[in-house]
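K.L.:
If you want the building blocks of each chain, they are given just below.
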Amino acid sequence: MCYYNGQKVTKAEFIQLMQLEKAVKDYEFLNRNVTHAFEFGNIAVLKPRYTRDNFDIVQMEWGFLPKYVKNRSQVEKFRKGYKKKDGTWQKGYDTQNAKGEELLFPDKIYREAALERRCLILSSGFYEWRHEYGVNKRTGEKKKTADKYPHYIGVKDQPYFYVAGIWQPWTDQDTGETVETVSLVTTEANPLMAKIHNSKKRMPTILPDNLSWEWMMDDLPEDRITELATFQLPQDLMEACSVQKDFLKAEDPTVPFIYDELVALDNPTPPTQPSLF
Amino acid sequence: MLFQADDFEVEFEGMMVAIKVMDMAGRTVFKLDFPDGRKSLMISRSRVFDGSKVWMSIPEGRQPEAIPIGAKIVEHFKNTKTQ
Chain A
1 MCYYNGQKVT KAEFIQLMQL EKAVKDYEFL NRNVTHAFEF GNIAVLKPRY
51 TRDNFDIVQM EWGFLPKYVK NRSQVEKFRK GYKKKDGTWQ KGYDTQNAKG
101 EELLFPDKIY REAALERRCL ILSSGFYEWR HEYGVNKRTG EKKKTADKYP
151 HYIGVKDQPY FYVAGIWQPW TDQDTGETVE TVSLVTTEAN PLMAKIHNSK
201 KRMPTILPDN LSWEWMMDDL PEDRITELAT FQLPQDLMEA CSVQKDFLKA
251 EDPTVPFIYD ELVALDNPTP PTQPSLF
Chain B
278 MLFQADDFEV EFEGMMVAIK VMDMAGRTVF KLDFPDGRKS LMISRSRVFD
328 GSKVWMSIPE GRQPEAIPIG AKIVEHFKNT KTQ
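These protein sequence lines map, in sequence, to chains A and B.
Sequential numbering from 1 applies to the first sequence in our numbering.
Sequential numbering from 278 applies to the second sequence in our numbering.
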């Protein structure tokens with residue numbers, strides 16, 4: 001006999017309640033409004049089965065971990081950086097995002113995963129910050145520090161969409177705990193994303209359904225992997241709006257917020273001056 | 278996951294609790310959202326050892342809320358049927 005919530009239930013009922021508990025946990029996970037990149041938390045990933053005819057939705061730790069990182073204390077140093085013995089600072093490595101153009105470079109930690117362990121990150125939308133250098137009211141000069149305006153970006157008429165990812169199993173050699181870690185593939189920004197993520201001009205590699213399946217399931221030659229990894233979703237399929245600066249605390253962080261001082265995204269970009277030479 | 282029925286509200290402790298009916302792992306689950314800011318609660322009916330049915334909080338731990346709100350849900354469906 002088993003107990004659930006202090007109530008005596010049969011073993012069969014207890015098993016069903018456990019299955020229900022897992023379903024509720026998965027629902028709450030998928031129903032989260034925002035996953036921050038720097039939480040290094042879990043995100044929802046579509047992972048192909050060995051048979052390559054279907055996939056499972058699983059949770060993976062966001063932030064690809066190479067095998068040479070031995071334990072959680074090394075993970076901390078790997079991600080956040082550390083002071084070396086000579087007193088200089090070793091910068092941390094950002095492996096939450098992986099540049100699509102560079103995945104297969106021979107010296108990249110992503111190469112093997114890009115060849116053998118491709119997956120899709122499930123997303124309902126994401127946030128990027130637009131950097132604008134306003135004018136200092138006192139001096140009339142351009143500010144040295146940018147004001148940052150968060151934007152919410154999604155794919156039109158799609159509550160969920162897929163972003164190319166690569167994953168890597170990682171084992172903590174102190175505890176034996178194994179987790180699956182993942183990196184989100186990025187590509188050059190399309191014109192809309194270049195206006196928003198104007199500091200880096202990058203965007204997630206969002207794949208339409210047919211390319212998503214190919215990315216995840218097919219045995220691909222290297223040039224096709226790079227082609228898909230650098231696929232740029234056209235801007236007319238995307239939608240974006242500015243949101244409040246403290247959107248992370250909002251009940252619905254996707255609610256649009258208009259900043260009077262910010263030029264609207266749909267304003268035409270001034271044409272670049274053609275070269276005279 | 279399928280949403281089975283229209284969302285509805287029940288009165289509980291002087292507030293209106295929003296309820297969504299869902300099908301999860303082959304069971305009907307009710308998701309309760311409270312206006313006073315407390316965390317959402319999932320509840321479902323479970324058959325206990327003596328054969329009777331009891332409202333359960335999923336996961337465990339919020340049984341004192343699950344039972345009275347569950348009773349309100351039963352009342353809501355009874356009233357809906359008789360209308």
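Hints in this document: simulated from the structure, not taken from any laboratory.
A hint or two may mislead.
To be verified - Facing chain B, a subset of chain A residues (Cβ under 8 Å, in silico):
#: 1; residue: Asn5
#: 2; residue: Gly6
#: 3; residue: Gln7
#: 4; residue: Lys8
#: 5; residue: Thr10
#: 6; residue: Glu13
#: 7; residue: Ile15
#: 8; residue: Gln19
#: 9; residue: Glu21
#: 10; residue: Tyr27
#: 11; residue: Ile57
#: 12; residue: Val58
#: 13; residue: Gly92
Heads up, the beta-carbon is just placed ideally off N, CA and C, and yes, glycines get one too.
K.L.:
Does the CB of Val58(A) sit less than 8 Å away from some CB of chain B?
P.N.:
Result: violated, 17 Å to nearest chain B Cβ.
K.L.:
Was the hint right that Gly6(A) lines chain B, CB cutoff 8 Å?
P.N.:
With a closest approach of 7 Å, the Gly6(A) hint holds.
K.L.:
Let me know if the C-beta of Thr10(A) comes in closer than 8 Å to any C-beta of chain B, holds or violated.
P.N.:
holds, 6 Å
K.L.:
Asn5(A) was flagged as interface toward chain B. Is the shortest Cβ-Cβ separation under 8 Å?
P.N.:
holds, 4 Å
K.L.:
Using 8 Å as the Cβ threshold, decide whether Gln19(A) counts as touching chain B.
P.N.:
Because about 5 Å separates Gln19(A) from the closest Cβ in chain B, which is inside the 8 Å limit, the hint holds.
K.L.:
At a threshold of 8 Å, is the proposed contact between Gln7(A) and chain B supported by beta-carbon distances?
P.N.:
holds, 5 Å
K.L.:
At a threshold of 8 Å, is the proposed contact between Ile57(A) and chain B supported by beta-carbon distances?
P.N.:
violated, 11 Å
K.L.:
How about Ile15(A): closest beta carbon in chain B under 8 Å, or not?
P.N.:
Constraint on Ile15(A) not satisfied, violated at 11 Å.
K.L.:
Given Glu13(A) as an interface hint, is the shortest Cβ-Cβ distance to chain B below 8 Å?
P.N.:
holds, 6 Å
K.L.:
Have a go at the Glu21(A) hint: is there a Cβ in chain B nearer than 8 Å to its own Cβ?
P.N.:
Status holds, d = 5 Å.
K.L.:
Let's test the interface hint: is any C-beta of chain B closer than 8 Å to that of Gly92(A)?
P.N.:
Because about 33 Å separates Gly92(A) from the closest Cβ in chain B, which is outside the 8 Å limit, the hint is violated.
K.L.:
Please check whether Lys8(A) passes as an interface residue: C-beta within 8 Å of a C-beta belonging to chain B.
P.N.:
Constraint on Lys8(A) satisfied, holds at 4 Å.
This entry does not satisfy hints 7, 11, 12 and 13, going by the numbered hints stated previously.
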